[in-house]
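Protein chains: 2
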Amino acid sequence: MDETLLMIPGPTRVAPRVLKAMSENIVNHRSAIFGQILSETTQIMSDVFRTNNQSYLITGSGTAAMEAALVNILEKGDKVLNIVGGKFGQRFMQITEAHRGTSLPLEVEWGHAVNPDEVGFLLEEHDDIKAVTVVHNETSTGVVNPIQQLGKILRGYDALYVVDTVSSLGGDHVEVDDYGIDICVTGSQKCLAAPPGMAGITLSKDAWDVVNKTDSASYYLNLKKYRKSGDAEPPETPYTPSVSLMYAMHEALKVIVEEGLKNRVNRHKLAAEATRNGIKALNLELFPKEEVSSTTVTAVRMPEGVTDGEFRGTMRKKYRVELAGGQDHLKGNIFRIGHMGNITHRELITTFSAMEMTLRELGFEVEMGEGVAAIADTYLPEDL
Amino acid sequence: MDETLLMIPGPTRVAPRVLKAMSENIVNHRSAIFGQILSETTQIMSDVFRTNNQSYLITGSGTAAMEAALVNILEKGDKVLNIVGGKFGQRFMQITEAHRGTSLPLEVEWGHAVNPDEVGFLLEEHDDIKAVTVVHNETSTGVVNPIQQLGKILRGYDALYVVDTVSSLGGDHVEVDDYGIDICVTGSQKCLAAPPGMAGITLSKDAWDVVNKTDSASYYLNLKKYRKSGDAEPPETPYTPSVSLMYAMHEALKVIVEEGLKNRVNRHKLAAEATRNGIKALNLELFPKEEVSSTTVTAVRMPEGVTDGEFRGTMRKKYRVELAGGQDHLKGNIFRIGHMGNITHRELITTFSAMEMTLRELGFEVEMGEGVAAIADTYLPEDL
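Residue numbers (my numbering), protein chains in the order written: chain A, 378 to 761; chain B, 378 to 761.
Hints were generated in silico from the structure; no laboratory data involved. It cannot be assumed that every hint is accurate.
If chains are identical, the list can't say which one is meant, so a pair holds when it fits in one copy or spans any two.
Here are the simulated DSBU-like pairs of lysine-lysine, each with C-alpha atoms no more than 35 Å apart in a straight line [claimed, not checked]:
id, residue 1, residue 2
1, K453, K666
2, K657, K590
3, K397, K529
4, K453, K582
5, K453, K646
6, K695, K708
7, K590, K601
8, K529, K666
9, K397, K657
10, K590, K708
11, K666, K456
12, K694, K666
13, K666, K602
14, K639, K590
15, K582, K708
16, K529, K601
17, K456, K694
18, K601, K694
19, K657, K602
20, K397, K453
21, K695, K456
22, K605, K695
23, K453, K590
24, K582, K694
25, K590, K464
26, K708, K602
27, K695, K602
28, K601, K657
29, K397, K590
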């Protein structure tokens with residue numbers, strides 16, 4: 378249908394073997410054969426989350442899992458500290474409010490990471506914070522938040538630690554148990570490189586204690602039902618899942634095991650470094666500071682005199698490389714290069730070559746080949 | 378993975394061309410190319426619902442759409458008349474209660490259809506009923522409810538008419554506009570013969586008027602967001618949809634257009650008649666009365682002296698035909714034959730032949746070939 382190279386922060390390119398898995402015949406979702414696939418898939422999901430706790434897969438987007446994380450722990454008026462530094466941080470706040478929680482937003486300037494000390498101050502100031510939400514990798518701004526340091530601070534408080542790793546899991550370091558994360562959510566279509574439509578979630582014992590005492594205001598996202606069905610023999614989901622997407626997740630997670638999680642994260646780190654080097658070589662400007670730049674998506678200021686429509690339009694129509702624009706107030710001001718999932722130097726070279734041609738065509742001064750060379754240099758062994 | 382013939386009431390067998398559609402490359406869900414697929418798919422969805430109103434596709438199970446139907450119209454304490462004659466009727470009641478609505482259950486004995494006059498009496502008695510829910514085809518009991526007659530009665534009242542056609546749409550007569558249905562929901566994996574994981578919903582103007590005044594207690598299932606994104610150019614979904622399942626729905630709905638909706642319903646009616654004739658020829662007993670028997674799933678009393686485990690186990694393991702058991706208090710007492718989606722005489726012949734062998738093997742007196750002959754007789758032209 379479309380041979381465009383997707384360099385957006387999700388959905389990402391899906392490997393042929395994963396796409397192929399979806400063409401297998403549909404089986405009964407309440408059968409031993411499906412139970413086997415489900416339990417293997419959730420087991421690897423837990424391994425990738427780096428947790429000893431059970432994981433659950435929800436047919437729905439990452440947003441469904443974000444909502445599941447909050448709707449199962451919130452009663453009316455419960456206070457939630459929402460760290461808001463971009464569109465997805467805002468989403469946690471909106472979900473808090475949709476479920477009659479009281480949001481205590483910690484506003485962080487878009488393009489910056491949260492300062493963990495500020496979270497500590499707020500936890501000292503308010504002794505009734507039930508949960509703290511943070512987006513590990515803020516896809517909208519290309520910023521990575523310090524979830525390990527936040528976890529250390531949160532250890533001293535009762536508040537549940539809720540982390541969105543939708544666009545980081547499998548592409549950056551996430552250690553659910555080690556960081557003390559109570560509820561962690563992710564999506565299929567980002568660094569896990571499965572097709573969109575499935576979301577993962579895992580909960581600590583502390584989180585389950587709260588869930589057990591809470592009357593979930595959602596039926597479809599009621600995690601007690603997911604646990605009950607997951608514990609059945611054979612394991613099931615409470616409602617009919619997307620059987621085909623489960624095949625795809627099973628295969629995509631097997632790919633991650635084969636590559637090795639550490640290797641995969643390192644591959645993402647290298648791609649991010651190469652991307653930043655390429656951007657600098659073209660005299661373009663990163664949107665966030667380099668030290669808080671994401672490992673999976675790079676946000677870049679739109680060059681002077683070039684419009685978003687011309688730039689991304691030419692990239693897409695002429696060179697068939699799709700980049701993402703800015704969202705909300707960043708629309709037109711930044712563009713974003715997703716380098717998550719199955720990304721190697723090849724896709725980056727293609728992207729930067731197309732960017733060089735596009736920029737030159739649009740009258741922006743660019744030395745042809747400089748971006749591509751910077752990518753290659755980053756991938757070459759250091760001792761050459 | 379599995380070559381078992383699925384004769385269960387969903388998921389149903391998916392045609393190779395529909396499975397194949399899912400192996401297409403993933404595209405950006407916020408692109409013109411996806412917008413085109415989305416708008417074509419929702420247009421055919423509306424055609425199949427037989428409505429001039431817009432349809433929406435939700436990544437999730439039929440239950441997600443059932444919840445969407447109620448969570449967007451209910452405020453705390455709102456009264457809902459839930460017609461409960463099986464597991465899915467109960468589900469509407471549970472969803473009503475999960476969202477702090479007040480359920481007024483109209484209990485119908487499992488295996489029977491609702492009497493529309495009783496609904497009329499209740500609507501006269503209670504002038505504050507905000508919505509009436511009914512499951513068109515109660516999958517758990519094999520009963521079809523009279524949604525056309527119910528619609529006539531509901532025309533005289535303000536209550537919204539909410540109908541679950543998850544296991545009937547595309548297999549039995551559903552005329553959303555003509556019957557005066559305000560909110561109609563369906564699932565991908567039943568008569569539409571697409572893979573599980575996507576649900577359809579459509580709303581009348583009256584329903585939207587209520588939705589507009591209601592603060593949805595769900596974020597993921599907030600229909601105002603679906604409408605806003607659906608009206609965008611290009612049309613979108615509010616959250617990342619399952620792109621692959623959208624390809625599959627697009628293809629499965631195209632198959633329905635090619636067959637013709639009337640032909641498809643007639644094919645289902647013939648399959649249901651053949652199944653009932655086969656059951657009677659084997660001296661087995663239908664669970665519901667014949668006049669309220671479903672067009673898409675036939676529920677049969679478990680024969681005397683035969684256990685569910687032996688019967689369905691032998692069918693599955695030895696003959697590789699999968700039937701469904703009973704649910705809740707019907708567990709062990711009935712079995713169910715799904716004949717929805719891509720079902721012709723071939724699958725029924727295979728199923729009945731396997732049933733004859735299984736029953737004989739388990740000591741139940743059965744004349745070999747009688748069931749199969751009854752199927753064939755039903756399919757033969759009448760004038761032969």
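Cross-check of the supplied hints:
no.	hint	result
1	K453 <-> K666	neither (38 Å within a copy, 47 Å between copies)
2	K657 <-> K590	neither (52 Å within a copy, 51 Å between copies)
3	K397 <-> K529	neither (42 Å within a copy, 48 Å between copies)
4	K453 <-> K582	both (22 Å within a copy, 31 Å between copies)
5	K453 <-> K646	neither (41 Å within a copy, 49 Å between copies)
6	K695 <-> K708	within (22 Å within a copy, 61 Å between copies)
7	K590 <-> K601	both (11 Å within a copy, 31 Å between copies)
8	K529 <-> K666	within (24 Å within a copy, 65 Å between copies)
9	K397 <-> K657	neither (39 Å within a copy, 43 Å between copies)
10	K590 <-> K708	between (42 Å within a copy, 31 Å between copies)
11	K666 <-> K456	within (31 Å within a copy, 54 Å between copies)
12	K694 <-> K666	within (31 Å within a copy, 61 Å between copies)
13	K666 <-> K602	between (43 Å within a copy, 34 Å between copies)
14	K639 <-> K590	neither (37 Å within a copy, 50 Å between copies)
15	K582 <-> K708	between (41 Å within a copy, 34 Å between copies)
16	K529 <-> K601	within (28 Å within a copy, 40 Å between copies)
17	K456 <-> K694	neither (47 Å within a copy, 54 Å between copies)
18	K601 <-> K694	between (47 Å within a copy, 32 Å between copies)
19	K657 <-> K602	neither (50 Å within a copy, 39 Å between copies)
20	K397 <-> K453	neither (45 Å within a copy, 46 Å between copies)
21	K695 <-> K456	neither (50 Å within a copy, 57 Å between copies)
22	K605 <-> K695	between (52 Å within a copy, 31 Å between copies)
23	K453 <-> K590	both (13 Å within a copy, 21 Å between copies)
24	K582 <-> K694	neither (50 Å within a copy, 39 Å between copies)
25	K590 <-> K464	both (30 Å within a copy, 26 Å between copies)
26	K708 <-> K602	between (40 Å within a copy, 20 Å between copies)
27	K695 <-> K602	between (49 Å within a copy, 33 Å between copies)
28	K601 <-> K657	neither (49 Å within a copy, 42 Å between copies)
29	K397 <-> K590	neither (42 Å within a copy, 45 Å between copies)
The earlier numbered hints that this structure contradicts are 1, 2, 3, 5, 9, 14, 17, 19, 20, 21, 24, 28 and 29.
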